[in-house]
Amino acid sequence: MKPESPGSHAVEAPPPKGQAPADAVVLRAVDHSYGELETLTAIDLQVPAHGVLGLVGPSGCGKSTLLELICGLQEPGAGTISVGNASSAEERLARCAFMPQRDLLLPWYSAIDNAALALRNQGMGRREARAAATGLFERFGLAGFEAARPDELSGGMRQRVAFLRTLIAGKPLLALDEPFAALDAITRAEMQEWLAAALRTDPRTVVLVTHDVEEALYLCDRVAVLSARPGRIVTELTAPHPRAPDRDAAVTDAEFVAAREEAMRALREGSR
Amino acid sequence: MRRWLLPLGLIALLLGAWQVAASTGAIADALSLEDFLVPSPAEIASSLWENRSLLAENAWVTLREILLGILCALVVGAGMAVLMHRWQVLRDATYPLIVASQTIPIVVISPILLVWFGYGIGPKIIVIALVCFFPITVNAIDGLRSVDPAAIKLMRTLDASRWQRFWRVEAPAALPSLFTGIKIAVVVAPIGAVFAEWVGSSSGLGHLIQSDTAYYQVDRQFAAVVVLSAMALVLIGLTALAERRVVTWR
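First to last, the protein sequences are chains A and B.
Take 0 as the starting number for the first sequence in numbering that gives the first Met the number 0 and just add one per residue.
Take 0 as the starting number for the second sequence in numbering that gives the first Met the number 0 and just add one per residue.
In isolation and in its complexed conformation, chain A is listed as follows:
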């Protein structure tokens, strides 16, 4: 790996005039609650440009809420969240593309029209939008399925279309909410390799929510382990081989196994 690969998690030197890089994410002392129910407390996080951050934690710890906060779909009760230099919810929304837990492909659109949804929303004509998406369909092994209806696609293909839909929006930050949770184990491993390859060729800033520690350590540069509700950050780990081309080798390597054990320990500690 190149020394200055996107996988590098070192805190980057601040750019001139003290401005953060355009696509970095910074959370400072973020609290959130639903009425009386405290969901997140004292969250401090930082994602450098083109870095991939994983959020793992027990069910109901607020990790999906945290993702919605970052995306600007919700406002925190206290603290600040900035994406790029923008900290208002509206501006964050404009900078984030969200991939939900379920693929949520719209059944009344073909695969390619689903993928190109963001372009259409941004005002592009149907023909142009399709043309723009066609190239990505080929690159991501979906060629030939442009006109297919979502229910004609396999689970893995649906997730790929959903990811393309997120990617095509052209946003600096991708927010992925348990993107592969609904897939079987083999398809999930394949999709992880596929996503790793996609991010190697087209590096993006990513925040990935998952309950799968192995998935987080394989796909991300850094992994934040959240505690049970109210969610706080128990620990932050550095992944040994983020997005390595050979997944099987990477996840069985001693360093990886040690990191996984450490993450599991932190999870158990946070669940108490």
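None of these hints come from the bench; they were simulated from the model.
Note that CB positions come from ideal geometry on N, CA and C, so glycine has one too.
Treat each hint with caution, since some may be false.
Part of the chain A face toward chain B, derived, beta carbon under 10 Å [claimed, not checked]:
#1 40
#2 70
#3 96
#4 101
#5 103
#6 121
#7 148
#8 152
#9 177
#10 255
#11 257
Facing chain A, a subset of chain B residues (Cβ under 8 Å, in silico) [as the list claims (entries may be wrong)]:
#12 34
#13 147
#14 148
#15 152
#16 156
#17 157
#18 161
#19 168
Counterexamples of contact, computed for chain A against chain B with all Cβ distances above 10 Å [stated by the list, open to error]:
#20 41
#21 99
#22 100
#23 120
#24 236
#25 243
#26 268
#27 270
Since the structure of chain A is provided, determine the placement of chain B on it from the hints.
Showing chain B alone in chain A's frame:
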């Protein structure tokens, strides 16, 4: 096959029983009536054929009322549903009124409409629209509310304006429900039409049925009912066909 054979078989059985009971005079005797007041299916069929041009003329009048009434209900109902979905305040304010509109007995409102609007097609359309409005509006609102909130969040992060969210997610998601509402409307519309015509009209199947009462033309009354039912069946069939063409993803 089964889908068609079973109901057709049952209808044939019922008609056969009716034919036997009527032609032997069993029903008339049991009710102490003259035989001609209890026509058999065969007699109704021949009345249907003999009066075909009269029935067709009147059926066209009623059909036109029904179609225009449903159209009005569809425009107003779907429009209301969209506005009520968009503004919660409007929904809270008007929902009780919409339910109340459904509890107004048509028998009561029809004569008033007659006084206000006369014997023309106007009051008929209003009555039909009134009975169709409720199923269409309520189903359209339910359809709009059935949209997965996660899909709306997704669309927001994909730069969709409120209008785009409506046309690309909410409206298509509500279509199946809207069609359910239309199907119910299509079936209740003939009832509204007959009521409206009874109160005051110079033509239409409802008018024909009523004027035949005075002359004991029971066979022709049944013939008119057959035409009315057939009309409702054809309309519901056409609606189902349209639904299959429009809602291709189900």
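Outcome of the hint check:
With a least beta-carbon distance of about 23 Å to chain B, the hint placing residue 40 of chain A at the interface is violated under the 10 Å criterion. Of the supplied interface hints, the one on residue 70 of chain A holds, with its beta-carbon coming within about 6 Å of a beta-carbon of chain B, less than 10 Å. Taken as an interface hint, residue 96 of chain A checks out: its beta carbon lies about 6 Å from the nearest beta carbon of chain B, inside 10 Å. A distance limit of 10 Å between C-beta atoms decides the matter here; for residue 101 of chain A the minimum to chain B is near 7 Å, and the interface restraint holds.
Because the smallest distance between the Cβ of residue 103 of chain A and any Cβ of chain B comes to about 5 Å, under 10 Å, the interface hint for this residue holds. The criterion of a C-beta within 10 Å of any C-beta in chain B is met by residue 121 of chain A, whose closest approach is roughly 5 Å, and the hint holds. Hint on residue 148 of chain A holds. Least Cβ distance to chain B is approximately 7 Å, under the 10 Å limit. At a threshold of 10 Å, the smallest CB-CB gap from residue 152 of chain A to chain B is about 13 Å, leaving the interface hint violated.
At a threshold of 10 Å, the smallest CB-CB gap from residue 177 of chain A to chain B is about 12 Å, leaving the interface hint violated. Look at residue 255 of chain A: its Cβ only gets to about 32 Å from chain B, farther than 10 Å, so that hint breaks. Checking residue 257 of chain A against chain B by beta carbon gives a least distance of about 36 Å; that is not within 10 Å, so the hint is violated. For residue 34 of chain B, the interface hint is violated, the least distance from its beta-carbon to any beta-carbon of chain A being 59 Å, above 8 Å.
Against a cut-off of 8 Å between C-beta atoms, the interface hint on residue 147 of chain B holds, since the closest Cβ of chain A lies about 7 Å away. Below 8 Å, beta-carbon pairs count as interface contacts, and residue 148 of chain B has none with chain A, the closest being about 10 Å; its hint is therefore violated. For the restraint placing residue 152 of chain B at the interface with chain A, the shortest Cβ-Cβ distance is roughly 5 Å, inside the 8 Å limit, so the hint holds. At a threshold of 8 Å, the smallest CB-CB gap from residue 156 of chain B to chain A is about 4 Å, leaving the interface hint in force.
About 4 Å separates the beta-carbon of residue 157 of chain B from the nearest beta-carbon of chain A, less than 8 Å, and the hint is met. For residue 161 of chain B, the interface hint is violated, the least distance from its beta-carbon to any beta-carbon of chain A being 11 Å, above 8 Å. Proximity of residue 168 of chain B to chain A holds as hinted, the smallest CB-CB distance being about 7 Å (cut-off 8 Å). At the 10 Å boundary, the C-beta of residue 41 of chain A stays outside the reach of chain B, the nearest C-beta of that chain being 25 Å off.
Not every CB of chain B is more than 10 Å from the CB of residue 99 of chain A (nearest about 5 Å), against its label as outside the interface. Residue 100 of chain A, annotated as away from the interface, has a beta carbon of chain B within 10 Å; the closest lies near 8 Å. Listed as a non-interface residue, residue 120 of chain A fails to keep its Cβ farther than 10 Å from every Cβ of chain B; the least gap is roughly 4 Å. Even its closest Cβ contact with chain B, about 28 Å, leaves residue 236 of chain A beyond 10 Å, as expected for a residue assigned away from the interface.
Listed as outside the interface, residue 243 of chain A is consistent with that label: its C-beta sits roughly 29 Å from the nearest C-beta of chain B, beyond the 10 Å cut-off. At the 10 Å boundary, the C-beta of residue 268 of chain A stays outside the reach of chain B, the nearest C-beta of that chain being 31 Å off. Against the 10 Å criterion, residue 270 of chain A stays outside the reach of chain B, whose nearest CB is about 26 Å from its own CB.
In this structure, the hints that do not hold are numbers 1, 8, 9, 10, 11, 12, 14, 18, 21, 22, 23, in rising order.
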